[in-house]
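Now for the letters of each chain:
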Amino acid sequence: MHIPDGYLAPAVSLALALPTVPVWAVATQKVKKVLNNRTVPLLAIFSAFSFTIMMFNVPVPGGTTAHAVGGTLVAVVLGPWAACIAVSTALIIQALFFGDGGVLAIFANCLNMAIILPFVGYGTYRLLAAGSPVLSTRRAVAAGIGAYVGITVAAFTVGVELGIEPIFFSQNGHALYSPYGLSEAIPAMVAAHAFGASIVEGLITGLGVAYLQRRHPEYLTSLKGIFAPDAAAEGTPVQRPLWQLVAAAVAAAVVALAAIGLIEGGGNPNRMFGADLSQVDWPSVATMLVVTALIGAILIPATYLLLPRNVKRIATTFVTIAVIAPLGLIAPGIAYGEGGTENVKAAFGYVPSGLQSLSGIFSAPFGGYNVPLPFFSDANAPLWHAAIGYEIAGIIGILAVGGVTYTVARLLRRSAGHAPTAAEAGS
Amino acid sequence: MTAVLAGRPAPNGRIGWLEQTVGGITANIEHAIFTERHARSDGWLQRRDPRAKLVGFLTAILAASLASSVVGLALLYAATLAAARASRVPFGFFVKRVWLGIPFFAGIVVVPAIFFVPGDRVFDLALGPAHLAPSWNGLAGAVLFVSRVGVSVSLAVLMVVTTPWADVLKSLRALRTPQVFVLVLSMTYRYIFLFLHTANGMLLARKSRVVGRTSGGEQRRWITGTMGNLMSRAFKMSNDVYAAMLARGFTGEVRVYSTYRMRAADWLALGATGAFGVAAVLASRVVA
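So the protein lines, in turn, are chains U and F.
Position 273, counted from 1, in the first sequence is what this note's numbering calls 270; the numbers after and before it change by one each time, with no gaps.
Position 203, counted from 1, in the second sequence is what this note's numbering calls 218; the numbers after and before it change by one each time, with no gaps.
Rather than coming from a laboratory, the hints here were simulated on the basis of the structure.
Some hints could be false.
Unchecked claim - Straight line, CA to CA, 25 Å or less: simulated BS3-like cross-link-like pairs of lysine-lysine:
#1 F:222 / U:29
#2 F:251 / U:29
#3 F:251 / U:30
#4 F:185 / U:309
#5 F:251 / U:27
Stated by the list, open to error - Take a look, some chain F residues computed to stay more than 10 Å from chain U by CB distance:
#6 39
#7 56
#8 121
#9 160
#10 163
#11 198
#12 236
#13 287
#14 301
Said to hold, decoys possible - Per label pair, the in silico range of CB-to-CB distance:
#15 F:181 / U:211: 55 to 61 Å
#16 F:105 / U:120: 29 to 35 Å
#17 F:52 / U:299: 45 to 51 Å
#18 F:301 / U:15: 29 to 35 Å
#19 U:282 / F:236: 27 to 33 Å
#20 F:222 / U:253: 19 to 25 Å
Built from N, CA and C at the ideal position, the CB exists for glycine as well.
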């Protein structure tokens, strides 16, 4: 998420000082008033702490790792104003000393990661945890969700900052700075975080707060008393079984999806997500579900048992996704997984000419993500034929992408050793 | 991509994420020591007054951001290379460090745009119904973008490797940065290394005690436990540091004395940088 120099026009970089510098001034005053002379050592050491935890690789389910920012964790303990200064300091040191993030872009990076991230994260946390005792599970979960929301909103603002460049700064038809408009930059940043880095951030913050509740509850009470006088009562820790949390999350996801679908379908349950469910041939859907379940029952355990340990988990995850993917075929009227140019046009009102010329490339061998044999893709073929075709195409696609990625990764490792971190955009 | 690279287990070990973290932390410490070494050698940039240097580099980065054609950027990069040469920064290290990373991160970002931008096509390769047709306009934009990021990063790297950290901070003071900020920055910098060493020690201690594989959940619990523990140490340490500061007569006022003196050569270098920056921006306007 660190924006390097050259991505933003100088006018934008410097204009972002307008919101950032006053917040710094207010934050310095607020923190000074509360802590008097203790401000300096406490903030300095917490900045060093947040710098250090940005180095930590966290194992993520699926076998990969990612790193966290920790802004919300610091905000939960010290309050958002102090977190703003602590994270800003860490960011300035990264830019000036480790070349991570641009020098002119310091204001932009601090606005995103040191102001928006901790304040949104802390606000969400306060909202969700309101009234709950300090040691309750709700507080840890609220901190995790707050961190997730905070970093995702920060990613959104990065998308906005990058997306406005081509609107204002182009010359002879080509962009001078970051070339993508709002409609490309925002979804790219938000999606990349919402399904990756934000999850890690939420996980780390939630588990970190849970650890503090168990081992050092004084940091959540006495310290909060110094920074935020309206600290909550201590209470007792409540252990909630994991299945309850998972069940609640699944239920919330189903409700949220249904709500979004209904809004998109204009309130008519037969037109969920803009699809036309009244046209669905339910018996053939049932056949397809049975076939899909059968394929899943064979393929998923086979993947898990046959593959070598180190790729086992991630491969099983992807195969599972590929197996359940054809469920999207149930819904007619939307081009599920086929995001063709007409969808882009409907969504954005225009089609970039290059996208139009590119869009055919990948569908050439497996048009519409199906196998180009009459058995699978004939217009009158039963739905389960198409489902099998979908699955074959999906698995071939996963193998191809995995193979290419693996080869590129191997080559890069060999040629570059460890690549420099100078311009690690979006890290 | 990072996640894919990171997901690869260590070749001989069992716990790759641990080794990556230890490796990352160690690389950071080494990098810092390494850069300070260049900052201490006797070269042209190292002899300049840090305030002149900071302002000069900011001007140059601003010029790189304003330059609207590759010509201006090429001029700036040539000057950067000459300055690096005169300052005894190893050439291979300097060029490689920047250009190995830039095409990768900035390049990947910009490649699809080559095909989106409308304009005359370089070639038009028909692949079935699709056309693979990069436009001249898109290509020019991509080259400009990548070289701008490259030059900006080169300038920042050159400033970092030729200036000791203490000097950067003192020159920030000259730019009217509030004293509290400068003090926090300098203390943070000192404690970063203490924390990195502490974290490294904790990770190595775990590594030397763990045999075989542990579950992901266990690893995450351990990592968050380590973070919580570090946080608690941070808090205790800040109390100790404050007590030590009080014992030495700290009253909340910070006084820093600076013995810097701008010499004629510094003014000359600053003026030359400014003039060159303006010239590069103007040149890029004229040529473009």
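Checked hints:
Between residue 222 of chain F and residue 29 of chain U the CA atoms are separated by roughly 41 Å; this puts the pair beyond 25 Å, and the hint is violated. A C-alpha spacing of about 19 Å is found between residue 251 of chain F and residue 29 of chain U, which places the hinted pair at or below 25 Å, so the restraint holds. With a CA separation close to 21 Å, the supplied pair residue 251 of chain F and residue 30 of chain U stays within the 25 Å bound. About 53 Å separates the Cα atoms of residue 185 of chain F and residue 309 of chain U, which puts this hinted pair outside 25 Å; it is violated.
Annotation: proposed proximity of residue 251 of chain F to residue 27 of chain U holds, straight-line Cα distance about 22 Å (limit 25 Å). Not every beta carbon of chain U lies more than 10 Å from that of residue 39 of chain F, the smallest distance being close to 5 Å; the non-interface claim is violated. For residue 56 of chain F, the non-interface assignment is confirmed: its Cβ lies about 18 Å from the closest Cβ of chain U, beyond the 10 Å cut-off. Remark: the non-interface label on residue 121 of chain F conflicts with the geometry, its nearest Cβ contact in chain U lying 6 Å away (cut-off 10 Å).
Interface exclusion of residue 160 of chain F from chain U breaks down, the closest Cβ pair being 7 Å apart, not more than 10 Å. Under the 10 Å C-beta cut-off, the non-interface status given to residue 163 of chain F relative to chain U is violated; the minimum distance is some 4 Å. Not every CB of chain U lies more than 10 Å from the CB of residue 198 of chain F, the least distance being 6 Å, so the non-interface label is violated. The beta carbon of residue 236 of chain F is not kept farther than 10 Å from every beta carbon of chain U, the shortest such distance being approximately 7 Å.
With a least CB separation of 20 Å from chain U, residue 287 of chain F remains clear of the 10 Å interface cut-off, as annotated. Every Cβ of chain U is farther than 10 Å from the Cβ of residue 301 of chain F; the closest lies at roughly 14 Å, confirming the non-interface assignment. Between residue 181 of chain F and residue 211 of chain U, the C-beta spacing of about 41 Å breaks the proposed range 55 to 61 Å. About 48 Å separates the C-beta atoms of residue 105 of chain F and residue 120 of chain U, a value inconsistent with the hinted range of 29 to 35 Å.
The hinted window of 45 to 51 Å between residue 52 of chain F and residue 299 of chain U is violated, with their beta carbons roughly 55 Å apart. At about 32 Å, the CB distance of residue 301 of chain F to residue 15 of chain U agrees with the hint of 29 to 35 Å. Here the CB-CB span from residue 282 of chain U to residue 236 of chain F is close to 43 Å, at odds with the stated 27 to 33 Å. Checked against the hint of 19 to 25 Å, the pair residue 222 of chain F and residue 253 of chain U fails, with Cβ atoms roughly 41 Å apart.
In summary, the numbered hints that this structure violates are 1, 4, 6, 8, 9, 10, 11, 12, 15, 16, 17, 19 and 20.
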